[in-house]
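*Asks:* Chains as they are written, first to last, in my numbering: chain E, 663 to 957; chain G, 504 to 836; chain U, 2 to 334.
Keep in mind the hints are simulated off the structure, nothing from the lab.
Check the hints yourself; a few may be wrong.
Stated by the list, open to error - Think about it this way: if two alpha-carbon atoms lie no more than 27 Å apart in a straight line, the pair counts; the simulated DSS-like pairs of lysine-lysine are:
| hint | chain 1 | residue 1 | chain 2 | residue 2 |
| --- | --- | --- | --- | --- |
| 1 | G | 629 | G | 642 |
| 2 | U | 227 | G | 642 |
| 3 | U | 227 | G | 629 |
| 4 | G | 524 | U | 227 |
| 5 | G | 533 | U | 227 |
| 6 | U | 155 | U | 66 |
| 7 | U | 227 | G | 633 |
| 8 | G | 533 | G | 642 |
| 9 | U | 227 | U | 66 |
Owing to the predicted nature of the structure, the values given are computational and were not obtained by experimental measurement.
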Amino acid sequence: MSIRDQGYQPYRGPRTSATTRWGVVLRHTLRMGLRQPWAIVALSLGGVWAMGWAVALYLSMRLIASTPPGAGNELAIPDPAALAGTILVRWYGVPVFAFLMAMLVGGSTIADDRRQNAFSFYFARSLGRDQYLIGKLAATTLAVALISVGASMLLVLSRLSLYRAGSDAVLPLVLLPVRALALGLLESLALAAPAVALSSLSPRRGLVQGGMAALFFLPALLGAIATSLTRNPWPQLLSPMAQLEAVGARLFGDASFAGEYPLPWLPALGVLGVTIVGSVALVRWRLAATEVVAG
Amino acid sequence: MGALFELSGVAKWYGPYQALKGLDLVAEGKSFGLLGPNGAGKSTLLKVLLGLIPFTGEARVFGLDVRRQTAAIRDRIGYMPERDNFLAGVSAVEYCVYAGELAGLPPSEAMARAHAVLEFCGLGDKRYQKLEGYSTGMKQRVKLAQALVHDPELLFLDEPTNGLDPAGREEMLALIQSLPARRGCALILSTHLLHDVEEVCEEAILLHQGELQYHGTIADLTRVTEGSESGEAGESGHRDVLEVRVKEGGERLVAALRARGARVEEEGAFLIVRGAGAETIFELAEAAQLQVRHLQPRRLTLESAFLHLVGAAERTATAAAPVAAVAAGEKSA
Amino acid sequence: MSRRRAASAAGPSPERQGASPVIVAEGVSCWYGPVMAVNELSVTIGPGITGLLGPNGAGKSTFMKLLVGQLRPARGRLTLFGETVWGHPALLGRVGYAPEHESNYDEITGLEFVAALTELQGFSPEEAGERARAAIARVDLTAAQDRRIGEYSKGMRQRIKLAQAMAHEPAVLILDEPLSGCDPLAKNRILGLIRELGAAGTTVLVSSHVLHEIEAMTSEILMMDKGRILAEGNIYEIRDLIDRHPHRIRVVCDRPRALAAALVREEAVTSVQVEAEALVLETRRPDECYPLVPRVARAEGVHIRALTSPDNNLQAVFRYLTEERARRAQGAS
Chain E
663 MSIRDQGYQP YRGPRTSATT RWGVVLRHTL RMGLRQPWAI VALSLGGVWA
713 MGWAVALYLS MRLIASTPPG AGNELAIPDP AALAGTILVR WYGVPVFAFL
763 MAMLVGGSTI ADDRRQNAFS FYFARSLGRD QYLIGKLAAT TLAVALISVG
813 ASMLLVLSRL SLYRAGSDAV LPLVLLPVRA LALGLLESLA LAAPAVALSS
863 LSPRRGLVQG GMAALFFLPA LLGAIATSLT RNPWPQLLSP MAQLEAVGAR
913 LFGDASFAGE YPLPWLPALG VLGVTIVGSV ALVRWRLAAT EVVAG
Chain G
504 MGALFELSGV AKWYGPYQAL KGLDLVAEGK SFGLLGPNGA GKSTLLKVLL
554 GLIPFTGEAR VFGLDVRRQT AAIRDRIGYM PERDNFLAGV SAVEYCVYAG
604 ELAGLPPSEA MARAHAVLEF CGLGDKRYQK LEGYSTGMKQ RVKLAQALVH
654 DPELLFLDEP TNGLDPAGRE EMLALIQSLP ARRGCALILS THLLHDVEEV
704 CEEAILLHQG ELQYHGTIAD LTRVTEGSES GEAGESGHRD VLEVRVKEGG
754 ERLVAALRAR GARVEEEGAF LIVRGAGAET IFELAEAAQL QVRHLQPRRL
804 TLESAFLHLV GAAERTATAA APVAAVAAGE KSA
Chain U
2 MSRRRAASAA GPSPERQGAS PVIVAEGVSC WYGPVMAVNE LSVTIGPGIT
52 GLLGPNGAGK STFMKLLVGQ LRPARGRLTL FGETVWGHPA LLGRVGYAPE
102 HESNYDEITG LEFVAALTEL QGFSPEEAGE RARAAIARVD LTAAQDRRIG
152 EYSKGMRQRI KLAQAMAHEP AVLILDEPLS GCDPLAKNRI LGLIRELGAA
202 GTTVLVSSHV LHEIEAMTSE ILMMDKGRIL AEGNIYEIRD LIDRHPHRIR
252 VVCDRPRALA AALVREEAVT SVQVEAEALV LETRRPDECY PLVPRVARAE
302 GVHIRALTSP DNNLQAVFRY LTEERARRAQ GAS
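Looking at chain E on its own, in the form it has when it is part of the complex (with noise of 0.2 Å):
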């Protein structure tokens, strides 16, 4: 093994801003969380489950298309708000795949750089704590993302492409991708948050990642039972996809996707920011807690 050297340049240039450091958190974030082979798996089952959605919405609108209009309009229109918000938020629909990305992404990404260490490597130079919880929530938030609001746009997209002159109201459809793409990102910090804040807790990517499945999935099969049980919505408060339901159909201003018995939707937008900002809160107080030189 040798030194070797062939002169030393010193850099004169400029440095970027130590306020936008958080994007080089992101991207390295992305890039590592999406390069989890699972993360693939969610991503591409995710996506085929969009496309068979999508596919099956073309044929229906072709079935309506084929129906002379007057000839019994049994087969009614399908709403595309609808089916887009159906899509995103029902637990047929996107959100168990958008779970599963959440849970590996930003499960694994505080977790991993506790266990590693890494803190000494990220807070001894110029980036703050902020700047890296910024640059690991968005990273999260993207790569959830990726799956809920992609999957309701290629939905958006195909019901956006079947536009018929006459038998479509224009305003749903023009307010359509923007009602999918807030509810969409609602959605992925709503999973993102918390799979961080959770990161933050342990060192151990099992532990993480089981306690946040187990987060996720208990209290909502509590409420849906207890809703059953006692005919009251209000025990689906606990279930963060209850909570997206109901604030899925005020936005898209359809009650018949937020279950039989719907739960109002301010509470449930309440709980939803309760989550976002308690988690966030609690991994700003868990890196203002951590060592970055031992001893």
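Given chain E's structure and the hints, the job is docking chains G and U onto it.
*Replies:* Chains G and U alone, transformed into the frame defined by chain E:
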């Protein structure tokens, strides 16, 4: 630019425990050994200089205020921690590129410098492999590389030769030693291996229980204690303290020297002789048919200087020490 | 200083060559799966301190684990006091072992840890406690013995491991990197204690990556590389065997030219180089040359102030030996 870093009245409390007790220090050199026993305040001082913790007093690095210009300072500092600080699933190149970008290099510059610095650290083709499979020696080199990639003007090294075998240690020290001349990068080396400090650094900063015990050149430090050491020997009326090694049969020389009234102590492979000159030792060795392989006036190492400065304070500070000594005496009796 | 007092009180160390061997390995091999850790190792180790050194992965720790019966040799015979190690747990009562990595005993106090392990050696709880306290006192940890090990510094952990290894007063001590991570004060204490034990006739096998540390304990070494013994014995004898590199001796004296002129006439001296206040001679017959120099100096009336060999230290010997091995390996392929 003036001093590399300056401290005035820097103090740090952790609850009721005072980790730093008002340090005043102007560091103008190029390579410093940061020394002190565990709990002396070395890592607290590093944290102060990196702007990681609140403290009282004033601290400036490169003439910049540690509290207000933290980001500007940190972009010009490299830190090689003692514990591995790797990321999961990345190669050495990716790791160093990321490190460079986090310190504010544009992406293309970070890529170019990552390759250059890994080359400099002797990583060669291994740099494309995942860090998880690296040997201890390679890991230390990558850790050094990530601290150097953004062209720092000051480098903190925390136990850089930890876990390295003798050959690896020599190579790592050569690499570190070349930094001030080849990269114009100043060093602060924090280690328990004082031989490393002696080899690499010109100046020493010695902390003990949060106080500055010594700051100056290592040459001066060993000279200062040399005086006190010969003073100690002076009590017995002889000036020279010689260290002697014979090929074998040292105990015969010890016996012969003691018979001549010299004081001899064994320190591992060395005999420390007081009260006998070189001539006497050679004469006795020849009579006993022994080979003197090494003889020279006791050269004070940084190690002995350190023990001299810190040891005395330590002994008086810990009340338990005399008890332990008594107990040890009973045990051996 | 207690170290000095103890060393002089213990008197000269027992003659190693004459003593009966304590550890005998005959063709011992050990492998982990397909990885050869120790390869056809044959060696005899007597009382006193022996330094075990070698690069990472040389098989040092494996050899030590074989010695304390934690691993079973796949081939060959390994004996302590003439009895096979594997399958004779009673033998282990005469062996103390401090492994390199500490096991997880963070939740119990230092005293509980040492007492529990001493009790396992077959002592009553009262006696184990007494012995534990005494051993802890010898490593100067009495003040911290009731604190949890989790709160200990690295140096304190090393010392508590040492106390654990010697509490039952074993005749053989196996110490794997006992000085790594210690600050200079802790290191000094452990060094002193090991020297004391060695002088008292305990067989101590101690490994270290830092050659200065080995040198401060002993000149008897065992050098391993790639599972084999590279060299064993007295460092000077080993140095003499490396005939590829001529031996250099540096003599600091008052009239170097006069001494040089006289030395050039001697057959054992290959070359002489004169410096301002010293001369450096080269020889391939060190055994003749070392006694020659003071004799010639006396005849010429030259006063020698120092006699040293720049390549006599362990660092140089280690480098020569590993180079030698690499060269032979290249020649073979």
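*Asks:* Are any of the numbered hints broken by this structure? If so, which, sorted upward?
*Replies:* When the structure is compared with the hints, numbers 4 and 5 turn out to be violated.
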